[in-house]
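Chains as they are written, first to last, in the numbering used here: chain U, 1 to 373; chain C, 1 to 334.
No wet-lab data here; the hints were simulated from the structure.
Think of the CB as a built atom: it goes at the ideal place given N, C-alpha and C, for glycine as much as any other residue.
Possibly wrong hints are sitting among the right ones.
[As the list claims (entries may be wrong)] Computed beta-carbon distance windows for the label pairs: (1) U/Leu108 <-> C/Leu327: 53 to 63 Å; (2) C/Arg8 <-> U/Glu203: 39 to 49 Å; (3) U/Asp64 <-> C/Pro14: 47 to 57 Å; (4) U/His161 <-> C/Leu199: 32 to 42 Å; (5) U/Leu108 <-> C/Leu265: 24 to 34 Å; (6) U/Arg157 <-> C/Arg243: 24 to 34 Å; (7) U/Ser283 <-> C/Asn244: 39 to 49 Å; (8) U/Arg180 <-> C/Gly134: 29 to 39 Å; (9) C/Leu327 <-> U/Gly66: 49 to 59 Å; (10) C/Arg8 <-> U/Ala271: 30 to 40 Å.
[To be verified] To list a few chain C residues with every Cβ distance to chain U over 10 Å, as calculated: (11) Phe68; (12) Phe95; (13) Ile150; (14) Leu159; (15) Val182; (16) Arg234; (17) Leu241; (18) His242; (19) Leu257.
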Amino acid sequence: MSSSTPLLAVDGLSVVFRGRGSDEVRAVDGVSFTLEEGRVTGLVGESGCGKSVTSLALMGLLPDRGVEVGGSAVMRLPEGPADLLRLPQRRMRDLRGSQMAMIFQDPLSSLNPVVPIGRQVTEILRRHRGMRGPAAEKEAAELLHRVGIPDPGRRLREYPHQLSGGMRQRALIAMAVACRPRVMIADEPTTALDVTIQAQILELLRDLVTEEGTALLMITHDLGVVAGLCDDINVLYAGRAVEKAPRAPLFAGPTHPYTVGLLGSIPRLDAPRGEPLTPIRGSINDNIAWTQGCAFAPRCDHYTMECLQGPPELVAAGAAAGTRTRGPDGGSGGEPVAEHVHRCVNPLRGTDTADRSAPEGPAAAGEDEEAQG
Amino acid sequence: MLRFIVRRLLQLIPTLGGLSILLFVWLQRLPGGPEYALLPDDATAEQRAALRRSLGLDEPITVQYLAFLRRIVQGDLGTSLGTGRPVTEEFFTRFPATFELGVTAMLIAVSVGVPLGYLAARRRGTVLDFAAVGGSLLGICTPVFFLAFILKVVFAERLGLFPSAFRLSPGMSRTDLTGFVVLDGLRTGEFDVVWDALLHLALPGLALASIPLAVIVRMTRASVLEVLGEDYVRTANAKGLHRNTVRTRHVMRNAMLPVVTAVGLLTGSLFAGAVLTESVFAFPGIGSFVYAATQGRDYPVLTGFILLIATMYVLINLLVDISYSLLDPRVRAQ
Numbered sequence: 001m002s003s004s005t006p007l008l009a010v011d012g013l014s015v016v017f018r019g020r021g022s023d024e025v026r027a028v029d030g031v032s033f034t035l036e037e038g039r040v041t042g043l044v045g046e047s048g049c050g051k052s053v054t055s056l057a058l059m060g061l062l063p064d065r066g067v068e069v070g071g072s073a074v075m076r077l078p079e080g081p082a083d084l085l086r087l088p089q090r091r092m093r094d095l096r097g098s099q100m101a102m103i104f105q106d107p108l109s110s111l112n113p114v115v116p117i118g119r120q121v122t123e124i125l126r127r128h129r130g131m132r133g134p135a136a137e138k139e140a141a142e143l144l145h146r147v148g149i150p151d152p153g154r155r156l157r158e159y160p161h162q163l164s165g166g167m168r169q170r171a172l173i174a175m176a177v178a179c180r181p182r183v184m185i186a187d188e189p190t191t192a193l194d195v196t197i198q199a200q201i202l203e204l205l206r207d208l209v210t211e212e213g214t215a216l217l218m219i220t221h222d223l224g225v226v227a228g229l230c231d232d233i234n235v236l237y238a239g240r241a242v243e244k245a246p247r248a249p250l251f252a253g254p255t256h257p258y259t260v261g262l263l264g265s266i267p268r269l270d271a272p273r274g275e276p277l278t279p280i281r282g283s284i285n286d287n288i289a290w291t292q293g294c295a296f297a298p299r300c301d302h303y304t305m306e307c308l309q310g311p312p313e314l315v316a317a318g319a320a321a322g323t324r325t326r327g328p329d330g331g332s333g334g335e336p337v338a339e340h341v342h343r344c345v346n347p348l349r350g351t352d353t354a355d356r357s358a359p360e361g362p363a364a365a366g367e368d369e370e371a372q373g
Numbered sequence: 001m002l003r004f005i006v007r008r009l010l011q012l013i014p015t016l017g018g019l020s021i022l023l024f025v026w027l028q029r030l031p032g033g034p035e036y037a038l039l040p041d042d043a044t045a046e047q048r049a050a051l052r053r054s055l056g057l058d059e060p061i062t063v064q065y066l067a068f069l070r071r072i073v074q075g076d077l078g079t080s081l082g083t084g085r086p087v088t089e090e091f092f093t094r095f096p097a098t099f100e101l102g103v104t105a106m107l108i109a110v111s112v113g114v115p116l117g118y119l120a121a122r123r124r125g126t127v128l129d130f131a132a133v134g135g136s137l138l139g140i141c142t143p144v145f146f147l148a149f150i151l152k153v154v155f156a157e158r159l160g161l162f163p164s165a166f167r168l169s170p171g172m173s174r175t176d177l178t179g180f181v182v183l184d185g186l187r188t189g190e191f192d193v194v195w196d197a198l199l200h201l202a203l204p205g206l207a208l209a210s211i212p213l214a215v216i217v218r219m220t221r222a223s224v225l226e227v228l229g230e231d232y233v234r235t236a237n238a239k240g241l242h243r244n245t246v247r248t249r250h251v252m253r254n255a256m257l258p259v260v261t262a263v264g265l266l267t268g269s270l271f272a273g274a275v276l277t278e279s280v281f282a283f284p285g286i287g288s289f290v291y292a293a294t295q296g297r298d299y300p301v302l303t304g305f306i307l308l309i310a311t312m313y314v315l316i317n318l319l320v321d322i323s324y325s326l327l328d329p330r331v332r333a334q
């Protein structure tokens with residue numbers, strides 16, 4: 001394999017839940033992205049857009065029954081490339097924790113309450129690196145030290161409930177990096193933490209990526225996290241990517257109305273006092289099936305009848321529209337591979353989005369809203 | 001840890017005190033006092049009054065209660081009206097038999113119930129799950145004496161696989177050290193005695209185990225199902241740990257917490273089932289003795305039995321709390 005192939009290439013990933021006696025749910029509906037060493041790739045979207053299910057599918061942690069996983073996720077492994085979605089369970093167990101690791105959202109519930117932190121760190125060293133006894137304990141203490149936990153010797157003997165929220169998440173990160181995995185997935189790792197701790201955890205993750213050359217898949221709904229951490233961004237809506245681009249073009253010129261809406265709903269410190277947030281109306285439950293047209297159309301301010309005539313394709317967008325398209329050989333499934341792509345027949349141009357920071361509504365409306373709140 | 005145990009032991013005092021009041025009131029309110037049980041039906045009112053006086057039943061109620069309390073604290077539960085021997089002595093000689101039966105029943109219940117409950121949870125919705133859940137429902141619904149009779153008729157009398165009564169076969173000689181037949185046999189090396197005793201324990205043990213077994217299956221199943229959905233189990237799997245490590249360290253250690261409580265409570269209530277089981281199998285323990293006492297209105301024995309059960313219950317609860325604090329660090333911290 002040439003070094004130009006990505007570390008992990010996810011192509012057309014789909015996950016369908018089939019409950020007994022209930023309709024099938026397409027949680028992930030054809031998601032493609034690549035992970036590269038030393039880069040942070042973001043999956044962004046609201047709750048229910050399929051971002052967590054994507055990560056669980058890659059880790060092989062979805063339940064055995066009632067789930068259908070399609071597409072492919074080819075990872076460069078020491079013994080050659082392999083499709084993670086087709087590997088036997090036993091092999092996946094070997095890879096999890098050693099080649100790929102995951103950090104979860106709620107650090108308290110993600111740690112076993114009745115097992116000391118030290119044991120929870122050493123068990124992964126024992127499993128994948130064959131370390132035991134004092135050697136494993138020493139390494140565990142070093143790992144805790146590395147992720148910024150003071151007095152690691154004492155912390156190793158403590159239980160999760162004795163640690164603060166930030167320290168619990170650091171402990172989980174220590175477990176994740178214990179075997180120097182090449183792919184790390186972080187599923188909303190800062191959602192349960194307060195803001196100052198969030199910043200520290202993100203910095204820690206950034207350092208780990210830079211120092212170890214790990215590929216990090218960052219799953220979040222928080223565009224602030226994305227702006228500070230991610231190199232490449234995939235915006236997901238209803239199980240499909242609606243826009244993907246490197247950080248700079250995405251923030252400079254988002255084209256999909258959903259991305260624009262997400263950016264518009266970030267509270268800004270430099271905005272005038274009393275100015276209302278601009279939420280995206282409706283909820284993700286309002287979406288329609290992608291087969292009928294754009295799933296976002298019912299919530300979109302810019303939709304036309306065109307949006308409902310079949311599912312929109314992922315096409316080149318923004319400043320790169322029509323250019324730098326590498327063609328289908330770079331990827332597969334016939335999707336054009338450009339720096340910046342979107343799935344929209346009626347995209348916004350950069351100029352439409354520029355006035356987002358100064359919404360057209362009169363200031364009085366904002367004061368009304370504040371009075372109500 | 002020691003402070004925790006001492007504190008819990010001190011908490012026993014008000015519990016048992018309250019219990020003694022309840023028991024005393026119960027005895028006072030019983031229809032027909034002991035004078036009806038002790039004297040023939042045609043005794044005169046004067047004779048009954050004289051007996052009440054001699055038993056101190058004409059004293060003020062607080063004086064009676066304090067006297068009652070003093071006797072209990074001194075370990076004097078009175079004299080059995082049926083056998084004429086002190087109740088404590090009767091209990092002491094019969095306790096080892098009941099203890100062995102209870103331990104047998106709980107061993108059966110736990111060693112079968114926990115694995116079965118785990119399997120039912122892991123194979124949720126399969127035939128095995130339905131069989132375990134349905135079977136345990138049947139186990140809870142079947143009265144112990146009925147099950148005991150069925151077992152006795154089928155396995156002892158029809159098939160002849162097990163003895164139908166007593167602790168040992170007639171004519172079996174043994175060295176008595178403590179009254180615990182199995183333990184004594186193991187210590188003296190009389191393994192024929194041990195085997196014979198185990199055969200005698202099998203059917204009553206199984207009958208007595210039915211309800212605890214059923215409860216443990218259901219508790220374990222529910223608890224494992226809950227724990228399987230916990231985030232830390234997903235974390236353990238995300239770490240690539242072996243199935244067995246996930247199962248024992250992460251699933252079972254947590255899933256067993258509520259089961260430990262259940263086992264404690266079930267052990268406490270085992271005595272109630274022992275009364276019926278022992279009488280069906282003529283097992284010479286406290287249960288069959290108490291069964292006879294209910295027939296003969298032997299109030300001192302019944303009072304003593306209730307006190308014994310209650311004390312056991314409270315002590316077992318203490319043991320549960322202690323083991324709980326060993327198993328769950330979150331409890332220890334409080």
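Consistency of the hints with the structure:
Separated by about 19 Å at the C-beta atoms, U/Leu108 and C/Leu327 break the suggested range of 53 to 63 Å. In this structure the hint that C/Arg8 and U/Glu203 lie 39 to 49 Å apart at CB holds, the actual value being about 47 Å. In this structure the supplied range 47 to 57 Å holds for U/Asp64 paired with C/Pro14, their Cβ-Cβ distance being about 52 Å. Distance hint for U/His161 and C/Leu199: a CB-CB separation of about 49 Å, inconsistent with the stated range 32 to 42 Å.
In this structure, U/Leu108 and C/Leu265 meet the distance hint of 24 to 34 Å, their C-beta atoms being roughly 29 Å apart. The supplied range of 24 to 34 Å is met by U/Arg157 and C/Arg243, whose beta-carbon atoms lie about 27 Å from each other. One distance hint, 39 to 49 Å for the beta-carbon pair U/Ser283 and C/Asn244, holds here, with the actual separation near 43 Å. Between U/Arg180 and C/Gly134 the beta carbon distance is about 50 Å. The supplied range of 29 to 39 Å is therefore violated.
At roughly 33 Å, the beta-carbon separation of C/Leu327 and U/Gly66 lies outside the given 49 to 59 Å, and the hint is violated. For C/Arg8 paired with U/Ala271, a C-beta distance near 59 Å fails the hint of 30 to 40 Å. Taking the minimum C-beta to C-beta distance to chain U, about 45 Å, the non-interface status of C/Phe68 holds against the 10 Å cut. The claim that C/Phe95 lies off the interface holds: its Cβ sits roughly 35 Å from the closest Cβ of chain U, which is beyond the 10 Å cut-off.
Distance check for C/Ile150 against chain U: the nearest CB is about 37 Å away, which clears 10 Å, and the non-interface claim stands. Non-interface status of C/Leu159 relative to chain U is upheld: no Cβ of that chain comes within 10 Å, the nearest being about 42 Å off. At roughly 34 Å from the closest C-beta of chain U, the C-beta of C/Val182 stays outside 10 Å, upholding its exclusion from the interface. In this structure C/Arg234 is not separated from chain U by more than 10 Å, as the shortest Cβ-Cβ distance comes to only about 6 Å.
The beta carbon of C/Leu241 sits about 5 Å from the closest Cβ of chain U, which is not more than 10 Å, so the claim that it is off the interface is violated. The beta carbon of C/His242 is not kept farther than 10 Å from every beta carbon of chain U, the shortest such distance being approximately 7 Å. For C/Leu257, the requirement that its beta carbon stay farther than 10 Å from each beta carbon of chain U is not met, with the minimum near 8 Å.
Hints 1, 4, 8, 9, 10, 16, 17, 18, 19, counting from the list given before, are not met by this structure.
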